[in-house]
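Colleague: If you read the sequences in order, they're chains A and B.
Using numbering that gives the first Met the number 0, you'd call the opening residue of the first sequence number 0 and step up by one each time.
Using numbering that gives the first Met the number 0, you'd call the opening residue of the second sequence number 0 and step up by one each time.
FYI, nobody ran anything at the bench for these hints, they're computed from the structure.
Nothing here was measured: the structure is a model prediction, and the numbers come from that model.
Every residue gets a Cβ at the ideal spot worked out from N, C-alpha and C, and that includes glycine.
Hints may be right or wrong, so weigh each one.
So the derived list for chain B, only partly shown, Cβ under 10 Å to chain A, looks like this [unchecked claim]: (1) 35; (2) 39; (3) 41; (4) 58; (5) 61.
The following label-pair restraints were derived from C-beta to C-beta distances [what the hints assert, rightly or not]: (6) B:296 / A:18: 49 to 59 Å; (7) A:284 / B:301: 55 to 65 Å; (8) A:363 / B:321: 51 to 61 Å; (9) B:296 / A:415: 46 to 56 Å.
Below are the chains, spelled out letter by letter.
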Amino acid sequence: MSDITKQSLSELVENIKSKKLSSSEVTKSFVERSDKSKALNTYITEDYANALNKAKKFDEKPNLNLKLPGIPMAVKDLFCTTDLRTTAGSKILNNFVPTYESTVTQNIWNEGAILMGKLNCDEFAMGSSNETSFFGNVQNPIDKNLVPGGSSGGSSSAVAAQLTPITIGTDTGGSIRQPASFTGTVGLKPTYGSCSRYGIVAFASSLDQAGPMAQNVKDCALLQEVISTYDEKDSTSIDFKRNEYSKDLTKDIKGKKIGIPKEYRVDGMPKEIEDLWKKGIEYAKDCGAEIIDISLPHTNYALPTYYIVAPAEASSNLARYDGVKYGFRAEGENLIDMYEKTRSEGFGAEVQRRIMIGTYVLSSGYYDAYYLKAQKVRKLIKNDFDDAYKKVDAILTPSTPSSAFKIGEKTNDPVSMYLNDIFTVPVNLAGLPGISIPAGHDAKGYPLGLQIIGKAFDEQNILNIAYAMEEKINFKNNITDWWIK
Amino acid sequence: MSKNKSEYLINRHDNQYEVVIGLEVHAQVTSESKLFSTSATKFGAEPNTQVSLVDAAFPGMLPVINEYCVKQAIKTGIGLKAKINKRSVFDRKNYFYADLPQGYQISQFKDPIVGEGKVILDMSDGQKEVGIERLHLEQDAGKSIHDLDPKNTFVDLNRSGVALMEIVSKPDLRSPDEVNAYIKKLRSIMRYLGTCDGNMQEGSLRADVNVSVRKKGSKDFGTRCEIKNVNSIKFMQMAIEYEANRQVDLIEDGQTIDQETRLFDTKKNETRSMRSKEDAHDYRYFPDPDLLPLEVSDDFIEKLKSEIPELPDEKKKRFIEKFKLSPYEANILVSDIETSNYFENVIKKSDVKLATNWIIGELFAALNEKNLEITESPISAGNLSKLINLIKDGTISGKIAKTVFEQMMEGDKDPKKIVEEKGLKQESDPKALEALIDKVIDDNRDKANEYKSGKVKLFGFFVGQVMKVSGGKANPKLVNEILKKKL
């Protein structure tokens, strides 16, 4: 069968289940395409030989009742994988091979999927363009020298370029939705507590959440169904009744109330984004939804709040990378000298910047003014959403304030880089689910995404809205394979 | 001011100084597994054999609270008559050290699990109440070993993540003696509760000691110094004495005391500056985002309350009221759960008064001599109880009983058998005694005459002779009676 890699996950699952395709055929196709696509720099670690072996084994005794039977998959290199190097995009974990598996990836393998390799990402998921990775920047398949977004840039690029049928990323302030938006793909950040954080290299514990990144909403729903489980090993995992998201998926969203927050009309927002949003509202109406203007008054404070809370937690979470137990160590004269050299050489500039910000805002004398105040504002932001959800079922916004930018364009301007997260960050602060779906192109032909934000644990509802709108939007990605010689 | 006998004052020139002490006790929670992981906590295991991925802080590992440790902390709080906080929060205390794998210790800072409570001390001149400020749960660190290699430090993570209770007293202690009594009482309460084994040699109980001095009568506290990590009562007392005198000398010399952290050098018997207030760590405490606030219900607390055994203060009260023990006797018998258990087992089947005397007297002396704990006593409670009954029913005299007791100490033998085998049974047959007494009087006719002519002091001589001739077996009460008649 030709063009295997052009098939969606759902099609591949269908074809394997009906024995039109074997796992080996599928895996081989994706491995070959991945291998031809080194120019995109999506992979940090390839595990092709093992993947092909596993596919062969699967075909010998195929269990076709599984949800992801023999499906090959590459995952963000923030998920710990047994016996396969896990770097978090950092030099400090350059040589780290876990003896354990993250719960989310374990759930995926339990449903029959096969690991192909580990995908590039910003170092410790700190970045919006995949340019902070120790393993180099990732190319967006949409156009040469375009960033794929971040931090799950390897993941978004690999899905858009069809190097993997589907993947998982992590989202702390937009790291799934923004790269999905930049690459014309679908990305879901689930409710905080929906997917276990066990075995995921931590960035900011109260914000981190794993989620699916896919070519379409249906695939996204299927993977969410697989990865979302209650896990006793994560104290913040929540035991709630989870839907069978792909089975319960429906395009019938008639009468759903969708809120449009006026505060998201930010100063200096490009007209194309404004237009996209208007178009999105029309699509939603076409689907039978009711549009309601709402207010989220503390939106303006979300970004500064995020850039206090996230670095504060990160500064503490990253303290364990000290050269003592595992990972990179630079020899020193004494313990302190070893710490200083290890962490100066092992962490990149952006990670060091955030560790310093985080250390500062937690310091005695600054704690109340920064960290404590940020926690209070976070509560207000959450209250805004709670109030809004008394009137509406979901909220529609643009995913990002711009389309993908050029590699190097913002690397010397961290604040402008941080501003990229302006529409996604409030969702993490409030712990809500949000999905980005491709909704159009800008003048340069680059994809633009719309974000649908749901109530906590209401993933099904935003998946349904996305599913319905996806059909109306009928988005087509223009991938020319420019990187394949 | 009080005129207590135990008042501890330091005199310099014309000034009298009072010492103010507060303790931060670190008590290891008795638990099979660690505070946030399932690793074992056994003491003395091979290095790094009780370490999980969580304890070693591998990437992506998350803490999960051990409910048993929470119960132990709450029980301890109940034992300290303290307020149990239904909501408490785990915070991260951030600092770098090689034996702290996470780069932070999970502790409780603003919202501890247990609030204010109290401990009653029995001092020689009466009772004293010491306030408890708080009790919180925290992780222990690992152990750095510096003396195995000239260049490298080795790290043992077996202790990393073991649950500790930090019990902070109010600055209510005023002397090394009170510190001694306080630690012992705290230890006793926790051993009754089974929440900490109190083993100071194994490091299950250690303390940071805060010491300041002030002129007698002053209401203001002086500047305090904290002496870190002292692991025996004796060292605590020595450290306090040294430190208080050092501070008094500085004040008398017109100098000021720097608030600082000090170490006690047990070899030189002195405290030394470790770091000044300026060098103090900024721990950047903040709530651990990996853990939700710890919430416990009233039912949960009530259920634990129902599991609390009788504690030393209540037991002492009962012993005094029910068994008519003196406060002194009761104190000794309740000071340790093992002792009070032993005592209560002995008196199940024997006389309370005799049991009290024999345990506090003979048994403690004998154990002390052999350097044994009550749990290691060669004499079981059952056999001591039999011995006491033999005395009580007149089978043997108190004096013979001591001989029997000595033999019992050699191995837990049934005292009845010893009495039978060695023929130690007391002679209580009046006829046999009369014959014996007649012979003694006959043999000492001259003394008998002296007695009759008024030298009544000689009565004791005759009793002694009868006892001697009988090999100590004659019933002393009957001997007295018969002798009186015969003479």
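Colleague: Quick one: are residue 296 (chain B) and residue 18 (chain A) within 49 to 59 Å, going by C-beta?
Modeller: 55 Å, holds
Colleague: Taking the least C-beta to C-beta distance, is residue 58 (chain B) closer than 10 Å to chain A?
Modeller: 5 Å, holds
Colleague: Does the nearest C-beta of chain A fall within a distance shorter than 10 Å of the C-beta of residue 61 (chain B)?
Modeller: OK, holds: residue 61 (chain B) within 10 Å of chain A, min 5 Å.
Colleague: Holds or violated: is there a CB of chain A closer than 10 Å to the CB of residue 41 (chain B)?
Modeller: With a closest approach of 22 Å, the residue 41 (chain B) hint is violated.
Colleague: For the pair residue 284 (chain A) and residue 301 (chain B), does the Cβ-Cβ distance stay inside 55 to 65 Å?
Modeller: 57 Å, holds
Colleague: Take the C-beta atom of residue 296 (chain B) and the C-beta atom of residue 415 (chain A), compute their distance, and say whether it sits inside 46 to 56 Å.
Modeller: Since the Cβ atoms of residue 296 (chain B) and residue 415 (chain A) sit about 50 Å apart, the hinted range of 46 to 56 Å holds.
Colleague: So, residue 39 (chain B) near chain A? Judge it on the closest CB pair being under 10 Å.
Modeller: 18 Å, violated
Colleague: Are residue 35 (chain B) and chain A close enough, Cβ to Cβ, to be under 10 Å, as the hint says?
Modeller: 9 Å, holds
Colleague: Note whether the CB distance of residue 363 (chain A) and residue 321 (chain B) lies within 51 to 61 Å or breaks it.
Modeller: 55 Å, holds
Hint violations for this structure: numbers 2, 3, all remaining hints satisfied.
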